[in-house]
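Peer 1: Quick note, the sequences are listed as chains A and B, same order.
Using my numbering, you'd call the opening residue of the first sequence number 14 and step up by one each time.
Using my numbering, you'd call the opening residue of the second sequence number 14 and step up by one each time.
Be aware that one or more of the hints could be misleading.
Which copy is meant is left open, so a pair is good if it fits within one copy or across any two.
Unchecked claim - List of simulated lysine-lysine pairs, DSSO-like, C-alpha gap at most 27 Å:
no. : residue 1 : residue 2
1   : 21        : 99
2   : 51        : 145
3   : 145       : 157
4   : 157       : 21
5   : 157       : 99
6   : 51        : 99
7   : 80        : 21
8   : 99        : 145
9   : 21        : 145
10  : 51        : 80
11  : 99        : 80
Hints in this document: simulated from the structure, not taken from any laboratory.
There are 2 protein chains.
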Amino acid sequence: MPTHYKGKTDEVLALNTFIKLARSFNAVQVQIIPPLQKDYGLTESQFAVLEAIHHLGPLSQGQLCQKILRSGSNVTTVVDNLERDKLVRRERDEADRRVQIVQLTERGRALVTTVLPLHVSRITSLMSTLTKDEQRELGRICRKLGTAIAG
Amino acid sequence: MPTHYKGKTDEVLALNTFIKLARSFNAVQVQIIPPLQKDYGLTESQFAVLEAIHHLGPLSQGQLCQKILRSGSNVTTVVDNLERDKLVRRERDEADRRVQIVQLTERGRALVTTVLPLHVSRITSLMSTLTKDEQRELGRICRKLGTAIAG
DNA sequence: GGAATATATTTCGATATCGAAACATTAGAC
DNA sequence: GTCTAATGTTTCGATATCGAAATATATTCC
């Protein structure tokens with residue numbers, strides 16, 4: 014029954030590939046997230062919010078949901094903590110009063126300006142264990158996988 | 014100042030590659046984790062613990078830490094909840110009474126036996142958006158990245 | 001223009017997750 | 001053999017994270 018065996022080898026390949034994908038992602042994460050926390054008191058999600066606003070300007074919480082790939086209730090919590098630490102400010106959208114616009118404070122801007130270059134160079138250094146061609150090929154395959162699944 | 018520009022293009026490549034890696038991993042996760050929760054009431058970590066014990070036999074909590082890549086205190090919490098749901102049982106190691114050995118109950122074994130094939134075929138189906146060669150190449154590059162960073 | 005529906009955010013309750021400190025037990029030094 | 005250091009687990013306090021329900025506001029449909 015060849016189909017059966019083929020099914021199994023497909024499963025083994027898929028599973029091994031996915032495990033390697035998960036491990037490599039985790040390995041990078043473990044190198045880049047703790048420094049944010051230890052040196053600047055920022056969690057991964059807090060940093061993601063700061064970075065998004067830094068690059069894109071003020072965003073609503075709904076837009077932040079999409080950028081950082083978290084639920085609405087989670088964004089509320091994360092922004093609460095950032096606001097408490099005076100790194101962002103919430104402001105009601107006057108045109109649609111359901112919406113909360115989140116923007117950087119001066120303090121938040123200063124922090125992200127300091128942290129971002131360090132973060133980027135840490136990632137660059139880690140990824141440089143791969144050749145440029147390997148990085149491009151990894152990017153291509155991941156992109157294909159991601160868009161095929163998530164659209 | 015060519016070095017400066019080279020630094021920047023390296024950073025752009027590394028960052029883009031890492032973002033694609035993160036997104037593709039996330040895209041797969043979003044497809045495979047919610048069904049575990051919705052259909053069987055299992056969180057990702059709970060399933061990871063059950064799967065590890067299923068494959069490897071009874072493990073200490075310290076060994077589980079290494080397998081599921083979480084902190085010791087987290088494993089305590091996850092095993093607490095699994096024990097409450099009667100999916101695993103803790104037993105003191107008589108040879109070293111600091112150690113808690115975690116093993117499947119009948120109920121846990123039955124559950125993992127049901128869930129695992131569905132989980133595997135879901136992953137296989139998602140990864141099959143890539144050719145076998147692409148899966149192998151993705152695995153190879155991820156492995157290189159992961160081992161270079163984590164050892 | 002008021003009722004029904006849709007959308008943005010918050011609240012709530014549960015689990016995950018971490019690091020530091022506490023605790024229990026073992027292993028090593030002497 | 002006892003004191004000390006190391007190891008395995010738990011506890012504690014904080015943040016993350018989700019989904020469901022609640023709330024506030026906007027939009028749509030007669």
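Peer 1: Could you run down the list of hints and mark each one as holding or not?
Peer 2: Taking the hints in turn, this is what the structure says about them:
1. For the identical chains of this complex, residue 21 and residue 99 are neighbours neither inside a copy (54 Å) nor across copies (31 Å), given an alpha-carbon limit of 27 Å.
2. Taking the shortest alpha-carbon separations for residue 51 and residue 145, neither the intra-copy value of 31 Å nor the inter-copy value of 41 Å comes in at or below 27 Å.
3. For the identical chains of this complex, residue 145 and residue 157 are neighbours both inside a copy (18 Å) and across copies (13 Å), given an alpha-carbon limit of 27 Å.
4. Taking CA atoms no more than 27 Å apart as the test, residue 157 paired with residue 21 passes in both settings, with 24 Å inside one copy and 25 Å between copies.
5. Within a single copy, residue 157 and residue 99 get their C-alpha atoms no closer than 39 Å, and across copies no closer than 41 Å, so neither meets the 27 Å cut-off.
6. Proximity of residue 51 and residue 99 under a CA criterion of 27 Å is satisfied intra-copy only: 18 Å inside one chain copy versus 38 Å between copies.
7. Taking the shortest Cα distances, residue 80 and residue 21 sit within 27 Å of each other only across copies (24 Å), while inside one copy they are farther apart (37 Å).
8. Taking identical chains as interchangeable, the C-alpha atoms of residue 99 and residue 145 are never at most 27 Å apart, the minima being 40 Å within one chain and 50 Å between chains.
9. For the identical chains of this complex, residue 21 and residue 145 are inter-copy neighbours only, at 13 Å across copies versus 34 Å inside a copy, given an alpha-carbon limit of 27 Å.
10. Taking the closest pair of Cα atoms, residue 51 and residue 80 come within 27 Å of each other both inside a single copy (24 Å) and across two copies (25 Å).
11. Taking the shortest Cα distances, residue 99 and residue 80 sit within 27 Å of each other inside one copy (21 Å), while across copies they are farther apart (39 Å).
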